[in-house]
Amino acid sequence: MSLDLLAATRPYAEPLAVPQWTLGCFHRRCITFASGVEDTSTRVIWIQSHGLTGDLRLPLVRPDVRARGALEACTEVERAELAQGEGFVARTSWDGALMHWDAFAAFQPYEKWPEPGRLERVGACLVEWAPSGIYVEDWRLQPGASGLSVGLQLVSETGADGVCRRRTGGLVIAGDHALMLIGRRTPLPAGRAHEILAADPGRWEQAFDCEVAYAVRHEGAWPIQLAVNPFTEGSDLLGRAVFEPDPSPDLLVQRNPEPGAAWRERLWRIDTLRADLAAGAATFALPGGLEWLARESDALGISDRQLVRIASAG
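Just so you know, we're using this note's numbering here: the sequence shown kicks off at 1 and counts up by one.
Calculated directly from the structure, the hints in this document are not laboratory data. Hints are not guaranteed to be accurate.
Ranges between beta-carbon positions, derived for each pair [stated by the list, open to error]:
(1) 93 / 201: 30 to 40 Å
(2) 299 / 257: 52 to 62 Å
(3) 61 / 286: 42 to 52 Å
(4) 200 / 73: 15 to 25 Å
(5) 290 / 164: 28 to 38 Å
(6) 257 / 286: 16 to 26 Å
(7) 103 / 209: 11 to 21 Å
(8) 103 / 195: 37 to 47 Å
(9) 205 / 120: 36 to 46 Å
(10) 303 / 185: 24 to 34 Å
Note that the Cβ used here is the ideal one computed from N, Cα and C, for glycine as well.
Build out the structure end to end from the sequences listed, making use of the hints.
Take a look at the structure:
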């Protein structure tokens, strides 16, 4: 079965652990540090379900390895540079003022972003401050984020040898946007992955055993747009694997029919499986602000329909 069909016929969701206005898919426009330095080039995607965050961060400039064909054909230096990518899936909670992340499954084997986030959203703009004041991030809600909402945590994987083993990871979907992370079978030592590979190039297969990829749905498929491993880009994130209900309402089974595949079955725990995510761009504003916007709507290019959307968001 498809996730769309399961969400429509067998919905399940843990209680909302974060504000409704954080649900959806956001791309980062900018991060500004207290030093005054800004970064607008790193490509960063955040997808949020009821209680899971999926995150992918890739440098704008990476080695051009298209002619290599596969990671094993890359040089040691190229593989180390590719290992500067970041990605994680983590549990998310909200204490009324700050968003917190824990239980990380991540490509980088250390906790790079230890602070919670102070969040505020206006329209499609979501701003995240580090409580220490060391940085602020500007995120933008993406079109096509409404509809299917999925948050799954990987529990175990059955390999081609028929043995079931625990494995970490997650799949988070908002509308037409999906991010999946499959954790390493054997963890790396703590540290920065590219520095680990620079010191010990023989660990490259272990390093890239963690898969992190972002896909945008197109004509029923999920072609990968960005990934830590660039050789997976263009392939289908979910492939031919199908999802089936488990007797437990909070679990799903994913089966892989591909001959010779490295895995046969994955067991996922459901955080969110719904078909009705409403990730609209309009947000709440106080009456005084609405009155000002209505007065200035002609000069600001705000239509009557947009004013109604803002009013109804309250």
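Structure-based check of all given hints:
no.	hint	verdict
1	93 / 201: 30 to 40 Å	holds (39 Å)
2	299 / 257: 52 to 62 Å	holds (59 Å)
3	61 / 286: 42 to 52 Å	holds (43 Å)
4	200 / 73: 15 to 25 Å	holds (19 Å)
5	290 / 164: 28 to 38 Å	violated (56 Å)
6	257 / 286: 16 to 26 Å	violated (54 Å)
7	103 / 209: 11 to 21 Å	holds (19 Å)
8	103 / 195: 37 to 47 Å	violated (25 Å)
9	205 / 120: 36 to 46 Å	holds (43 Å)
10	303 / 185: 24 to 34 Å	violated (53 Å)
When each numbered hint is compared with the structure, violations occur for hints 5, 6, 8 and 10.
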